[in-house]
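Q: Be aware that the sequence shown starts at 94, since it is given in this note's numbering, and climbs by one per residue.
Since the hints were derived computationally from the structure, they do not count as laboratory data. You may find that some hints are simply not true.
What the hints assert, rightly or not - Computed beta-carbon distance windows for the label pairs:
(1) Q103 x V147: 43 to 51 Å
(2) T96 x T151: 52 to 60 Å
(3) C142 x D109: 39 to 47 Å
(4) V147 x F119: 37 to 45 Å
(5) T96 x Q152: 55 to 63 Å
(6) I102 x R163: 29 to 37 Å
(7) L122 x S153: 27 to 35 Å
(8) V147 x A113: 32 to 40 Å
(9) L107 x Q152: 18 to 26 Å
(10) D108 x Q152: 20 to 28 Å
A quick note: this is a predicted structure, and the numbers were derived from the prediction, not measured. Glycine included, every Cβ here is placed at the ideal spot set by N, Cα and C.
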Amino acid sequence: MSTRSYITIQDRLLDDRSAAALAETFKVLGDPTRVRILDALARAEVAVCDLADVLGLTQSAVSHQLRLLRSMRLVRSRREGHHLHRLRAARRIDLQDRGHGLS
């Protein structure tokens, strides 16, 4: 590798803080249930109870996973009425395209 290539690569590397943040995001996405939740929310804004029904999980289990996804800013929520939370993916993620060719 030439010195010039080395310097170019070195200048573009993630700093330690950014790399750690990205690693945490990958950790959160390492759970199939969370990936399924994100896939559902990328398709439509959904209430927690409806999301639980669609995924065949308890509301408690979905809420637990959503807390982690919200902490990583992958999911946004808004309150509608007294108890209903509407959820959506924070950004559009095409999980189907990203999953092809990985198996």
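Q: Taking the hints in turn, state whether each one holds.
A: Checked hints:
no. : hint                    : verdict
1   : Q103 x V147: 43 to 51 Å : holds, 46 Å
2   : T96 x T151: 52 to 60 Å  : holds, 58 Å
3   : C142 x D109: 39 to 47 Å : holds, 41 Å
4   : V147 x F119: 37 to 45 Å : violated, 25 Å
5   : T96 x Q152: 55 to 63 Å  : holds, 58 Å
6   : I102 x R163: 29 to 37 Å : holds, 35 Å
7   : L122 x S153: 27 to 35 Å : violated, 21 Å
8   : V147 x A113: 32 to 40 Å : holds, 33 Å
9   : L107 x Q152: 18 to 26 Å : violated, 37 Å
10  : D108 x Q152: 20 to 28 Å : violated, 39 Å
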